[in-house]
Amino acid sequence: KKRMSSLDVARGITIFGMILVDNQGGPDVIWPLKETEWNGLSTADLIFPSFLFICGFSVALALKTAKNTRSTWYNIIRRTFLLFFIQCFLNLMAHHFVFSSFRVMGVLQRIALCYFLSCVSFLCFPVFLQRLFLLGTTVTYISVMYALPVPGCGKGVLTPTCNAGAYLDFKVFGPNMIHPNDPEGLLSTLSAFITTWMGLEFGRVFTTYYRKYDYSNVDLIVRWIVMIALFIVPAIGLGATVMPFNKLIWSFSFALFTVGTGGCLITVAYILIDVIEWGNKARRFIDLLSKPFIYIGTNPITIYSLMIFIEILLMFYIKTHDGTYLWTMSYEILYLSWLKNGYLASTVFSLGWFVFFDLIAYLMFRNKIFIKL
1337 KKRMSSLDVA
1347 RGITIFGMIL
1357 VDNQGGPDVI
1367 WPLKETEWNG
1377 LSTADLIFPS
1387 FLFICGFSVA
1397 LALKTAKNTR
1407 STWYNIIRRT
1417 FLLFFIQCFL
1427 NLMAHHFVFS
1437 SFRVMGVLQR
1447 IALCYFLSCV
1457 SFLCFPVFLQ
1467 RLFLLGTTVT
1477 YISVMYALPV
1487 PGCGKGVLTP
1497 TCNAGAYLDF
1507 KVFGPNMIHP
1517 NDPEGLLSTL
1527 SAFITTWMGL
1537 EFGRVFTTYY
1547 RKYDYSNVDL
1557 IVRWIVMIAL
1567 FIVPAIGLGA
1577 TVMPFNKLIW
1587 SFSFALFTVG
1597 TGGCLITVAY
1607 ILIDVIEWGN
1617 KARRFIDLLS
1627 KPFIYIGTNP
1637 ITIYSLMIFI
1647 EILLMFYIKT
1657 HDGTYLWTMS
1667 YEILYLSWLK
1677 NGYLASTVFS
1687 LGWFVFFDLI
1697 AYLMFRNKIF
1707 IKL
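Each position in the sequence shown, counted from 1, maps to that position plus 1336 in the working numbering.
Errors might be hidden in some of the hints.
To be verified - Label pairs and their in silico Cβ distance ranges:
#	residue 1	residue 2	range
1	L1699	V1486	46 to 52 Å
2	L1397	L1608	18 to 24 Å
3	K1491	R1559	37 to 43 Å
4	K1617	N1404	44 to 50 Å
5	P1487	Y1698	50 to 56 Å
6	I1413	P1462	18 to 24 Å
These are computed hints drawn from the structure, not numbers from a lab.
Glycine included, every Cβ here is placed at the ideal spot set by N, Cα and C.
Take these sequences, add in the hints, and give me the full structure.
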């Protein structure tokens, strides 16, 4: 099928960001690739939300003409379970298959839950009730996060040691099966659903207002820009006052801001790749820049899962003769030994991994191997 090139590029950019953030060799990490420890915002914090936003956008395209049939739901449920349990297996592997202490939640689990909620709302409710459902999840998140009394902390306390999200995660999973202030916890998944669903709303605008023979699609782009402003402006206002940006609990201000940034990503990619009529040289340059992202953007879950699998092998299983794990040894010998600067070495190390995974994605793309769950 004909694909939306700008969507593949945007998706590929987010996977590129995940590879850079996840594959730092040492503790020295440059600011754009370092996630904030609590309140605050960095470019690294925006990578995963942008992927969720694009997931929502893709749902709108995939289910545009879908019928509420058994086969449709079979595919949705199968995809949800595969996403959830692929990462569960990887988490178990990282904990040497000790079931009592492995981390239950994770990136793919959050994608699975947000994807499933989006599909349920989109297929089961009319548009009005879909948006009412979104409002309900938002109110639930804010009410629980700010009004639930946490033993020893009280209501509305949002600190690393005291907050309703961490309290609920510990109550549901126990202290051994969830990280403290897990960035993919249960309560914050409700707020992450806001980011995902609004990606779907952007996709709905696309499927409604896209005109095949109107090359510029000004009407579509103007609507996207207005939507971006409607989320970015209040997000900054809330983030600077009563609700600081916080990725770990996916604060409401953070959810609104990530809708805006996700919208900016898809809008800019769409204008540059699918709208502007570049000259021959400029078009070749744009195509050259976008191809590495298209390669990984057409097999994102496969590349991400492979990345985590290799990380686990090198970080927790394969050791050198002196007992050092191969991950650390390869970083120190192949990069830090001659680059000297830890920040530079970590960055080059992560870029090297991107080249490796992009080469795999390129071979899959060239051979028309597209793995869909």
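Results for each hint:
Taking the beta carbon of each, L1699 and V1486 are about 50 Å apart, inside 46 to 52 Å as hinted. Take L1397 and L1608: their Cβ atoms lie about 19 Å apart, and the range 18 to 24 Å holds. Distance hint for K1491 and R1559: a CB-CB separation of about 39 Å, consistent with the stated range 37 to 43 Å. About 49 Å separates the C-beta atoms of K1617 and N1404, a value consistent with the hinted range of 44 to 50 Å.
The hint said 50 to 56 Å for the Cβ distance between P1487 and Y1698, and at roughly 53 Å that hint holds. Restraint check, I1413 to P1462: a C-beta distance of roughly 22 Å satisfies the suggested window 18 to 24 Å.
No hint from the list above goes unmet by this structure.
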